[in-house]
Amino acid sequence: MKNYQDGGEAILEAFRRLDADYVISSPGSEWAPFWEALARQKRDGADGPAYMDCGHESIAVNMATAYTKITGRMQIVLLHAGAGMMQGAMAVDAAGAMETPLVIMSGEVLGYGEGDMDPGSQWYRNLSVPGGTQRLIEPMVKWSQQVASIDTLHETIVRAGEMAQRTPQGPVYLCVPMETMLEAWAKPDASRTVPAAPKLQPQPADIARVAEAITGAACPVISVENIGPDPEAFGALVELAETASIPVVEGQGAFFGNFPKSHDLYLGQRIDPLLEEMDLALLVESRAPWYPPSNTPPGAQIVSISANPLKEHMVYQAMHAETYLEGDPATSLRLLTAALRAQGLDGEAVAQRRARWRSAHEEWQDGLAKAEGEAAAAPTITPPLVMKVLRDVLPRECCIVDETIVHQTEIREHLMWDDPLTFFRAPSGLGQGLGYALGVKLALPDRAVAVTIGDGSLMYNPLVPTLGLSAEQDLPLLILVFNNSQYAVMKHFHKRFYPDGTAVSDDDYYGVNIKGPDYEQAARMVGGYCQRVEAPADLPAAVEAAYASVKAGKTAILNLIMPGDGGVK
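The working numbering numbers the first residue of the sequence shown as 26 and each following residue consecutively.
These aren't lab readings, by the way, just hints derived from the structure by calculation. Each hint should be verified, as a subset may be incorrect.
[Said to hold, decoys possible] Simulated pairs of lysine-lysine, BS3-like, Cα-Cα distance not exceeding 27 Å:
#	residue 1	residue 2
1	Lys336	Lys224
2	Lys520	Lys540
3	Lys395	Lys336
4	Lys336	Lys167
5	Lys67	Lys212
These figures come from a predicted structure and were not determined experimentally.
My request is simple: use the sequences and hints to build the entire structure.
Written as structure tokens, this is what we have:
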């Protein structure tokens with residue numbers, strides 16, 4: 026039709042200016058102008074983002090989310106019309122809840138074949154959305170807009186990308202008509218360099234006041250949920266905790282590892298035993314430190330340290346904080362540590378606290394060792410055994426992406442990490458774990474990536490496109506299916522609400538039982554290793570064989586038969 030720069034080039038140039046590494050797409054026919062620009066980029070040897078096709082919208086969004094969270098660099102997602110946007114909507118919503126900056130785009134048409142440009146009759150019959158696709162996705166993104174003018178297309182994309190990276194961070198959405206993309210566009214003679222989003226920090230007086238509170242506290246406690254996977258914040262938290270000998274408890278809603286588990290100030294996931302005694306609670310990126318929300322530490326001063334403590338995506342949130350240190354967490358923590366050192370600490374009190382919490386940490390470790398010893402002697406496979414075997418077989422620098430429900434607490438408790446890049450919880454909303462794991466592998470190609478996933482969770486995931494993309498892009502995964510043949514959490518809550526009910530007395534539950542297929546056989550589609558494992562004694566050899574497959578570039582699936590209801594916290 027033509028061979029000149031048009032709206033596709035305007036879009037690609039905007040992505041270059043936003044310094045995106047990848048454009049991840051579950052594509053549709055509207056993107057021909059962008060693909061033409063990519064072809065010119067390749068022909069001319071020009072710099073620009075790499076392009077990746079994948080077979081499912083949620084995979085595209087989940088991969089971009091994981092990659093952005095790990096690298097700190099915002100990525101781009103291209104979807105198809107309103108249909109593709111809605112297919113990926115759960116993942117978009119999850120990216121918003123995780124405060125992940127993304128630029129997400131899809132197309133539409135304006136003329137429906139009535140003018141010179143014929144987009145295809147599918148747009149007239151099936152793909153149009155009254156009011157525009159932005160109307161559908163608006164509640165799930167930070168900002169959305171249709172861009173119907175070639176004159177504003179380029180700068181609108183750049184502005185949207187900048188907006189996504191401002192606090193609170195989140196995905197933005199743009200809807201671009203094909204007619205706009207096909208119009209001629211001339212690259213500006215000069216373009217400004219797009220600056221990084223500024224890092225905010227608390228006022229010095231607020232830092233000083235919190236430092237004084239720490240100095241005067243007899244039992245300060247840190248609750249942390251989501252400073253990972255930022256290595257600067259991870260290190261800054263360690264430095265603060267060590268300076269004042271403050272114990273650290275990780276929230277059960279954590280999406281990342283936030284503190285070294287081998288550290289003698291780490292006390293696991295349970296904050297309840299500390300509530301009565303603590304007189305100062307430091308909530309470090311901790312949006313829901315206790316449950317119910319009113320179960321606050323009696324008499325304690327509560328301080329929230331967060332880039333964005335009050336979450337718009339939560340219907341109800343009550344941390345009961347009296348002081349907020351808002352700003353970049355790593356910066357806030359470093360400033361707080363510096364203020365503590367400037368004010369001076371009671372060395373004897375700090376040393377006594379350190380000794381006490383070291384003892385508590387050792388007690389926590391002893392409990393894990395006891396549970397793993399019992400698991401080794403048990404007749405069936407249990408989470409403590411699985412995590413122990415993974416520690417023994419897989420390399421230390423391995424990533425674990427978890428999408429289990431009833432097993433998640435034990436997995437998190439028995440998984441060991443000393444850096445912020447070992448543990449990842451799949452985004453909220455079942456069916457996103459595999460796509461997220463692919464994004465972890467894309468961001469950390471030198472690390473092995475294993476997925477712990479329930480059989481119920483696996484049923485929600487787009488398994489076939491995951492396997493196809495893992496093979497095509499050399500992103501092998503080790504998938505461990507925690508198979509108890511049921512949605513055990515459904516049974517748990519039924520029993521809670523109707524402990525003397527008919528379902529309990531007759532053992533007749535609905536919405537619970539899963540008669541799934543031989544999940545492991547799916548790995549055969551890409552030439553990967555597969556095995557059903559029932560006996561605990563067979564588990565180490567099975568993990569070794571599966572890991573050998575992954576090292577050879579082939580995704581492996583182990584179907585671990587784990588009868589029982591697990592545990593719900």
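Hints violated by the structure (listed by number, smallest first): Violated hint (a single one): 3; every other hint is consistent with the structure.
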